[in-house]
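Undergrad: Letter by letter, the chains look like this.
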Amino acid sequence: MTEVYRPVGGRLLTRQFYFMGFLALIAGYFIIRRFIFGIGDVSHLSDGYPWGMWITYDVVTGTAIACGGYAMALLVYVFNRGQFHPIIRVALLTSVFGYTLAGISIVIDVGRYWQLYNVFLPQYANLNSVMLEVALCVTLYTLVLWIEFSPAILEAMKANRLLRQLRHVLFFFIGLGILLPTMHQSSLGSLLIIAGYKVHPLWLTNIIPLLFLITAIAMGYGMVVFESLYASVNLKRELETDMLSRIGAVIPWLLILYLVLRIGDLAMTGNLVALTRPGPEPFLFAAEMALFLFAIVTLLNRKLRERPTVLFWSALAVVLAGALYRFDAFMIAYNPGAGWHYFPGVGEMLITLGIVAIEVMAYLFFVKKTPILAMHRPHPA
Amino acid sequence: MNIDRRDFFKVVFAGAATALTAPTAQARPPKELSPDAVGILYDATLCIGCKVCEVECKAANAMPMSHDTPLEQAHGVSGLWDSGNDLNSQNLNKIKIYANGTAEVKDRELDGYSFVKRNCMHCVDPNCVSACPVSALTKDPVTGAVTYNPEACIGCRYCQLACPFNIPKFEYDKAFPKIVKCEMCSERLAEGDIPACCDACPTGASLFGRVSDLLNEGHRRLTFQPSERQEYPVRRLDGGETRTAEVATYYPKIYGETETGGTQSLLMAAVPFEKLGLPALGDESRAQLSETIQHTLYHGMMAPTVLLGGLVYAAYRHTHEDREETSGDQDRPQDGEGRGHD
Ligand code: SF4
Ligand code: SF4
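Heads up: the protein sequence lines correspond to chains P and Y, in order.
Take any residue in the first sequence, count from 1 to its spot, add 198: that is its number in our numbering.
Take any residue in the second sequence, count from 1 to its spot, add 1: that is its number in our numbering.
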């Protein structure tokens, strides 16, 4: 079960790379403005909508999309599916950048960033706060991710002694790296419990932590499949359809569990009647359901999921469904009361876009320059 | 390709342990009102809308004047508006108006109008205090005033999301912003004074007192007959100062007596409270529910610790091969190439 990883090589500074760099520069301009003139200068956040695009996309959705490393570790280490091991490293790569950039967005989003370290000071800790749990777990997990990912960097640096020492303790970080996302991906949903009536009844439920956790894992698998297929086409590598379709086969069961829990809960609490209320919410709910069902139907069918195009679109559907679920709950169907409206500002969106661009650039850099992707045929030793 | 049964059961066991330890955690009981808790009883039927409370609030809290650009342009003046048209990061206290139809008669729902005072409700079981990760918002154990410590605050704005009354405001226009909210003039309270709004109010519409006494006073008023003349205390309930006024028809409820677990700012009016912009809330605070769910999941950190043990063990077994192999030092990775588990 030993894989050989190799840098893909090739030119880094492609047209695409420059374009991403350009987006990052634009974001940089707005980030500077945010720090000089305040959050209101670049965003449409308000006292009614204190959380908008940055929290909803960069943190809540972004870290769920970055659950590939976590989801694959569950499969390989907990369910002992060693054959998926070659994918772990590239899954970790997206996780490492997803979480690191979520951390950077938090620094941009919080008002008093220079005091952020207060969350680590015991005299300020509020153990009743869901936010404290999320903040500590996300920070710790980002560190753990870097440690889990570091062998790739150490190999590229040929730091063999350090590498050997690291390998003896890595199992501990792998364990921690499964526990922490289980905790904070569910707590990201729990954040909304206290907001009460401001969250639409189709999304507000006491089992929201479980629903967020299940969708985060499903999105993790979806993203691994989506990203591998996308990278294969873009980096002109052979398609790993066989392995990816087997990962894809896990997703429908998670989604079925999710749908049973979610709809069962809505039926039991009587909140299902909210579907008959006027407004866009029932349609948003229907759109989520349609995406989830599309993924379930296509991925359940072996013939279908072995076709790369179908697999690609189904994986994308899972990621989009989970993202829409989060956007609806945190932003679109969130209503703090009469008189408040929110649509992200231009600067706000461009900052988010720039952060995504930096993620893509970092991905390309590491895949091309460090040993991340497994070779298809084992290297003769 | 089969799942390793033993490992699978290990995970199931850890999961079951998580689930089973959970029900032993009790629902967090609701927070009790401190016997010495103080608050403000606002009676909209007494309010004449003079807004002197807004002016004195600004003075007591050193709040800047508000600008209202459209108003200033319309009137050709600048900086004369001492308060904005709603609560915001420069207004901790705001008198608002409800108007319906012709708005002829005060304290009537149809074709009438009513004032309402908005400020922090100083909840008995405050969501904002439960939400704040760094204890920047705290509730005084004696007076019950909910106060803010900028030294602790990280500006995450979770308190804004959590507060059912949208009370905490944030300085979105500043590079070094703070949360701003009514703190019941805690510094004045500490000196034996009463909140500036109550001190300023000429009609007794804003009345300071012990919450339990204020509730008694509120229930006394609910027994009054419409259009009889009654004595109303002014400024503070125990201050002896009173005035007589004609009684309006009260809407039969004191807002804040039970809402969200009770609040220390209480309101009375002739118009239903929803019309005045006060949300219909249940009798339990969401903080209670949120903390119950969170502490159930993390019951004494026991479940996560059990789970971590299982996970680390699983990872240990599955990386076994890897440790053996690399410690042998035979297979050095070649140039820029790696092998093995990570
Ligand atoms: S009204 Fe809002 S800000 Fe005031 S104590 Fe209650 S939850 Fe906190
Ligand atoms: S903005 Fe400040 S006061 Fe409000 S919850 Fe965050 S840290 Fe606490």
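Hint data in this document are derived by calculation from the structure and do not stem from the laboratory.
Errors might be hidden in some of the hints.
Claimed, not checked - Pairs of lysine to any residue residues, derived as SDA-like cross-links and limited to a Cα-Cα distance of at most 20 Å, are as follows:
1. Y:K175 <-> P:G238
2. Y:K175 <-> P:L314
3. Y:K107 <-> Y:K179
4. Y:K95 <-> Y:E152
5. Y:K179 <-> P:S244
6. Y:K59 <-> Y:D69
7. Y:K276 <-> Y:K59
8. Y:K59 <-> Y:S187
9. Y:K276 <-> P:G545
10. Y:K175 <-> P:S430
11. Y:K179 <-> P:V508
Said to hold, decoys possible - Not close to chain Y: a few residues of chain P, all C-beta gaps over 12 Å, as computed:
12. A271
13. V328
14. L341
15. F371
16. L402
17. P407
18. A485
Model, not experiment: these values are computed from the prediction.
Cβ coordinates follow ideal geometry from the N, Cα and C atoms, glycine included.
Undergrad: Are the hints correct? Go through all of them and say.
TA: A quick look at each hint next to the structure:
Between the alpha carbons of K175 of chain Y and G238 of chain P the distance comes to roughly 8 Å, so the proposed pair stays at or under 20 Å and holds. Pair hint K175 of chain Y plus L314 of chain P holds up; C-alpha atoms about 17 Å apart against a cutoff of 20 Å. A C-alpha spacing of about 38 Å is found between K107 of chain Y and K179 of chain Y, which places the hinted pair above 20 Å, so the restraint is violated. Between K95 of chain Y and E152 of chain Y the alpha-carbon distance is near 27 Å, which puts this suggested pair outside the 20 Å criterion.
For the suggested pair K179 of chain Y and S244 of chain P, the alpha carbons sit about 14 Å apart, so the restraint of at most 20 Å is met. The hinted pair formed by K59 of chain Y and D69 of chain Y meets the criterion: a straight-line CA distance of about 16 Å does not exceed 20 Å. With a C-alpha separation of about 27 Å, the suggested pairing of K276 of chain Y with K59 of chain Y is violated against the 20 Å cut-off. Taking the CA atoms of K59 of chain Y and S187 of chain Y, the gap is about 14 Å. The hint holds against a cut of 20 Å.
Between K276 of chain Y and G545 of chain P the alpha-carbon distance is near 37 Å, which puts this suggested pair outside the 20 Å criterion. As the CA atoms of K175 of chain Y and S430 of chain P are separated by approximately 46 Å, the hinted pair breaks the 20 Å bound. Between K179 of chain Y and V508 of chain P the alpha-carbon distance is near 50 Å, which puts this suggested pair outside the 20 Å criterion. Distance to chain Y contradicts A271 of chain P as a non-interface residue, since its nearest Cβ pair spans about 8 Å, not more than 12 Å.
Not every C-beta of chain Y lies more than 12 Å from that of V328 of chain P, the closest at about 6 Å, which undercuts listing it as non-interface. Remark: the non-interface label on L341 of chain P is consistent with the geometry, its nearest Cβ contact in chain Y lying 16 Å away (cut-off 12 Å). Taking the minimum C-beta to C-beta distance to chain Y, about 8 Å, the non-interface status of F371 of chain P is violated against the 12 Å cut. Not every CB of chain Y lies more than 12 Å from the CB of L402 of chain P, the least distance being 10 Å, so the non-interface label is violated.
Once the 12 Å rule is applied to beta carbons, P407 of chain P is inconsistent with being away from chain Y; the minimum gap is 7 Å. Look at A485 of chain P: its CB is around 24 Å from the nearest CB on chain Y, clear of 12 Å, so calling it non-interface holds up.
Comparing the model with each numbered hint stated earlier shows that hints 3, 4, 7, 9, 10, 11, 12, 13, 15, 16, 17 do not hold.
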